[in-house]
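Asker: Here is what each chain is made of, one letter per residue.
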Amino acid sequence: MAPSNENTRGRARWERETLNPHLERHPDREAEYSTVSSLPIRRLYSPEDLQGQDYEKEIGWPGEYPFTRGVQPTMYRGRLWTMRMFAGMGTAEDTNARFKYLLKEGQTGLSTAFDLPTLMGRDSDSPLAEGEVGKEGVAIATLRDMEILFDGIPLGDVSTSMTINAPAAVVYAMYLAVAEKQGVPLKKLRGTIQNDIFKEYIAQKEWIYPPEPSVRLIVDTMEFSAKEVPQWNTISISGYHIREAGSTAAQELAFTLADGIGYVQAGMARGMDVDSFAPRLSYFFNSHNDFFEEIAKLRAARRIWARQLRERFGAKDPRSWMLRTHVQTAGCSLTAQQPINNVIRVTIQALAAVLGGCQSLHTDSMDETLCLPSEQAVTVALRTQQIIAEESGAANTIDPLAGSYFVESLTNEMERQALEYIRKIDEMGGIIKAIEQGFPQREIAEASYRYQKQVEDGTKTIVGMNRYTMPEEIPIPLLKIPPEVEARQKARLAEIRRTRDGKAVRSALSNLTAKARTHENLMPAILECARAYCTLEETGNAMKEVFGEYRENSVI
Amino acid sequence: MAKQTLRLLVGKVGLDGHDRGAKIIARALRDAGYEVIYTGLHQTPEQVVATALQEDVDAIGLSILSGAHGTLFPKITRLLKEKGAEDVVVFGGGIIPDEDIPELLKAGVARIFTPGTSTADVVRFLKEEVEPRRARVST
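Chains A and B supply the protein sequences, listed in that same order. Here the first sequence is numbered in our numbering, starting from 1 and rising by one per residue. Here the second sequence is numbered in our numbering, starting from 1 and rising by one per residue.
Looking at chain B on its own, in the form it has when it is part of the complex (with noise of 0.2 Å):
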């Protein structure tokens, strides 16, 4: 049977203790009816895909504060694909330089935002860029 919703995590990777831009997208995505789980903080790459592959969600939504995205995101879609999870998708936010993003991009990350986000846009991002993938990827 397919999915009725999406299902999301929200991840802090890295030290940085800074949540409260997750915890604001968290309960916008949940307000929003999506299926939300939140890693916590301080979350290695690896604990981040081993949470995302546990509970089978469509998208990963990473918030990073520290500066150590250009590290940290790769590193995430890289383990992803190891483990033949690709279809999962990545997004992210938090202090991340414009100038940072094609590289992010790259790596494999499908969308970016930068500070001054308004929630709508992430859900319609979700709406517009993630949700047909899972309908193609469940039929």
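Next comes chain A alone, as it looks inside the complex (with noise of 0.2 Å):
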């Protein structure tokens, strides 16, 4: 893609004959242009831009290292991305009942959404869950619960995945203990659970434990998969989260990748080889409104990351190579205000999360910014997957904006600021120093406060909310999660702590504290605790005993 000096000398030409004469007359209606994250862009792009740029070192052949182009051969005209919609409200049996609704209408993974309590490793009793039981996502306090949501779907033929990390390693059990119950041999399992910490730390403020004894279950779920469920995804990498909190794209890229790259030197460390557990790491990001950036920052993904693994980290499996990741559309994008226009977004976010090469996909409903999604706004949003995988085109050939001078050259720009990133972390002494440093927190602030600014002086345009605002709001119905939900969840776990065996509890807890004190993987013990329907928090304080809790230091 070499240009030659006739392009150099035709840009030279057009600019002088067409393009000034013409901006005399009409200028740009801007001085400058630039994404949703600040980042300045060109008016035109063309051959120069990709000057001394390999194709074949750089972009490559989908399936084939860097896989700029995609991690599959022949990426959707094989198979569709899994839509995967994020589902969890009230109590078990109310996400139960969603989860085949979007099963029936076509939906093609499950992806479960844990409430707050859930979240921070809390029993639904806990003085500190109430008001939040069953609110933002499914209360799961036992094994029971766990029972329930997955009943009558075997956990052999679905794929799911948990956005759980703190308290991941116990929810996980639960659900090996479920599959064990139903007779579903582990090995047959796929699914993912997120079990990234490190943006907990930086972004989403969920966490447990310090970070040491964090990472310490996180390579237990690894190293214990690695054996017993082998297609298990073992951690979903997010940079979703990050985005929400305000980062630019850029900074999502750069921190998520570098949370991965903590991953793989805290499983080193502990003496596995990489190969066997790298290909089980997949990624989680974030779709904003800016197309051709949301593109461009999927493919410096996979390239950055099959680089890494391969050239700094010596993985030898292809497989430990590829950045494979789900897609979410970005929540923090979405209004209040005119909430159908949400319906907008969420497509063009999922048309760039599909031109970027996901392999999995949620929507967001456009009630999202109000309450927890209605059946009707899940509906639409699973159909605009639908429309984009069965109407738009769009899936019919791999990766169509390769070969864009601006979709290439903003590929290389968001590759070079990640990079940047990433060498300012490796050199802080990685990932967790420059947590506890408040590095990532503070860039992120930072870039979160700029845009709010940006928004109330009206220089970046948010439509339905600075401007072509109306008085008049279009209702559309909203979901309410009555209160009886908290104490119908109380209830049964009453019933479970007192119809469970006492002794087998006891005795388990006191085997996984035992454990939390050795450098044994801890993975059996916590499926020990499950089995014995010690509650989440149970199971929790019996590592808080050994592990501590963490504390922020915020900064604002």
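Derived from the structure by calculation, the hints contain no laboratory data. Treat the hints with care, since some could be wrong.
Straight-line Cα separation of at most 20 Å, DMTMM-like style, residue types lysine to aspartate or glutamate; simulated pairs [claimed, not checked]: (1) K188(A) <-> E223(A); (2) K227(A) <-> D275(A); (3) K480(A) <-> D31(B); (4) K480(A) <-> D100(B); (5) K75(B) <-> E130(A); (6) K433(A) <-> E228(A); (7) K188(A) <-> D157(A); (8) K480(A) <-> D98(B); (9) K81(B) <-> E46(B); (10) K453(A) <-> D31(B); (11) K544(A) <-> E520(A); (12) K460(A) <-> D121(B); (13) K75(B) <-> D125(A); (14) K75(B) <-> E552(A).
For each label pair, taking beta carbons as the anchor points, the in silico distance ranges come out as [claimed, not checked]: (15) P40(A) <-> T114(B): 44 to 50 Å; (16) E86(B) <-> K424(A): 48 to 54 Å; (17) D87(B) <-> M470(A): 35 to 41 Å.
No residue lacks a Cβ here, since even glycine has one placed at the ideal position from N, Cα and C.
From the two separate chains plus the hints, produce the assembled complex.
Answerer: Structure below.
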């Protein structure tokens, strides 16, 4: 793709003869253009912008290193991405019904949203859970809730994603215990636990233990699964929350990959062969409004990861080099004003995710700035994916935007910015050190405040919010979680506490505490707790005794 | 001596970790010249009220995106009342549906800001409704 002198001469001629006279009469609307992340965008991209780019080395072929054009050789011609709508509300029964509805409507994978007490490792009857049970997701306190959640859903036939982090090992163990009860061999299970604690410290802030024991638990799940649950994705390294917290696209890319590098280092420090666990690391990115920036971000992500794994960590298995990713459209881009407009935002963002080569996709519902998705809203969101897949033609050919001067230039620029951040983080001594110094947190807070100011002074337009506003809002039906949910959930938990085998509970918990003091892998002991119907919080506390608790030094 | 400027507490109650809004508000209020204390995350109503009393603040701005506002906001106003500190103005923001607002106002929350609010609106609220109250209290 080396530009000839002819190109350069041609561009100079165009500017002189055509562009400049035109600009004199019709100046551009703005002095400068930039992406939603404030990345400057030039007027025109042409062959000079890709000067020196080696197609074979930098872009290459689908399914081959460095995977810029996608991880599969045929991409969506062979199999469409997995349409995976994040769902969870109320009790396990409520969410089980939503799961079955989504499967019936053509969804191809499950994705579980847990409520905040569950995410923080607290039981539904904890004083801290008051008012929060079942509100932001489904409440899971014991194996019984998990059995109900997946009742009538054969775990050997679906892939299940669970957005759970600090208590991931415990919830994962509960899922494995349900599979055992259903008679499904663990080797047949497919799915993902998010299990990404670094982005919790950086952005989502749902933590329990300090970094070191948290990473130990994560490596325990990696090691256990490599042997016992080989098709399971043990970490979904997540940029989504980093972006939602206000980062730019380049920061999302950089901090997420830096987190991934941190997990690879942790696994290797345990003495594991990188190729034994790296193929099970997956990613989770955001897709925001700026169409091309998002596409470039995903293409750059694959190239950087492939090179880091192969060149830096010496991975030999091509599956270790592949960055497979789930994408979710940007909740933070949606508006409470004129909420039906959100359908259009989601469409653009979802199309970017597809053109960026995602493996699975969640499309946000139009009502997400107001409440959890109603059934009507979630159906429109799922249909959006189906229309992109089956009507738009976007899935007909592989990586259709490759070779675009603009998209390739932007891919290179995203890569350059991300590598710069990764270098800085390496110099700080790695991601844990960077987090302890508050580095990613500060960078994100700065970007988030800058963006808010741009929205408030009108530099960045948000239709229906700071431009084209209307006094009358269009009403859409909202989902309400009734207060009885908390009472019902607490009653079930009380029943379990009363009827379970107390001796088995105590022995499983004290065994876990004892094992936490050693360097043994904790998964077998955690699984034993799940089988004995120990609660989430009891199991977490059995380790907290040894691990301690994390406290943030918050910076504003 | 009367305080020169409002002292404000920005609080994150409940278990949700979404602190983007709280941090933006804290910074914007600081940029507007107020003294701002940020509680950090995962605060119980009791902790927020204790901090408010200890720091002698004029108002508490609560941020919540978990849907637990109906439980936690009224608990804070009640606790303030119990401590004889109902002069502390409580306002809040987050994912709060319009239909929930009347009940929160009835429980003693002075104002609810919903998604899309400009930080300038919050500053205006403090200037117009909280500053005059403080002036009355301190004279």
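Asker: Could you see if the CB distance from E86(B) to K424(A) stays within 48 to 54 Å?
Answerer: 49 Å, holds
Asker: With a cut-off of 20 Å on the C-alpha distance, tell me whether K544(A) and E520(A) pass.
Answerer: 16 Å, holds
Asker: Compare the distance between the alpha carbons of K480(A) and D31(B) with 20 Å, and conclude whether the hinted pair is satisfied.
Answerer: 37 Å, violated
Asker: Quickly compare the C-alpha distance for K81(B) and E46(B) to 20 Å and report which way the hint goes.
Answerer: Between K81(B) and E46(B) the Cα gap is close to 12 Å, so the pair holds against 20 Å.
Asker: What's the verdict on K453(A) and D31(B), does the C-alpha distance respect the 20 Å limit or exceed it?
Answerer: 12 Å, holds
Asker: Quick one: are D87(B) and M470(A) within 35 to 41 Å, going by C-beta?
Answerer: Holds: the Cβ-Cβ distance is about 38 Å, inside 35 to 41 Å.
Asker: Sort out whether E228(A) lies within 20 Å of K433(A), counting only the CA atoms.
Answerer: Violated, at about 32 Å.
Asker: Regarding the pair K188(A) and E223(A), is the alpha-carbon distance no greater than 20 Å?
Answerer: 17 Å, holds
Asker: Can the restraint linking K480(A) and D98(B) be considered satisfied, given a maximum Cα separation of 20 Å?
Answerer: Holds. K480(A) to D98(B) sits at ~13 Å (cutoff 20 Å).
Asker: Check the following: the C-beta atoms of P40(A) and T114(B) are separated by a distance inside 44 to 50 Å.
Answerer: The hint (44 to 50 Å, Cβ to Cβ) is violated, given that P40(A) and T114(B) are roughly 33 Å apart.
Asker: With the threshold set at 20 Å, check whether the alpha-carbon distance from K75(B) to E130(A) stays at or below it.
Answerer: 11 Å, holds
Asker: Are K75(B) and E552(A) close enough, with their CA atoms no more than 20 Å apart?
Answerer: Answer violated: K75(B) to E552(A) is near 25 Å, above 20 Å.
Taken one by one, the earlier hints fail for this structure at numbers 3, 6, 14 and 15, listed in ascending order.
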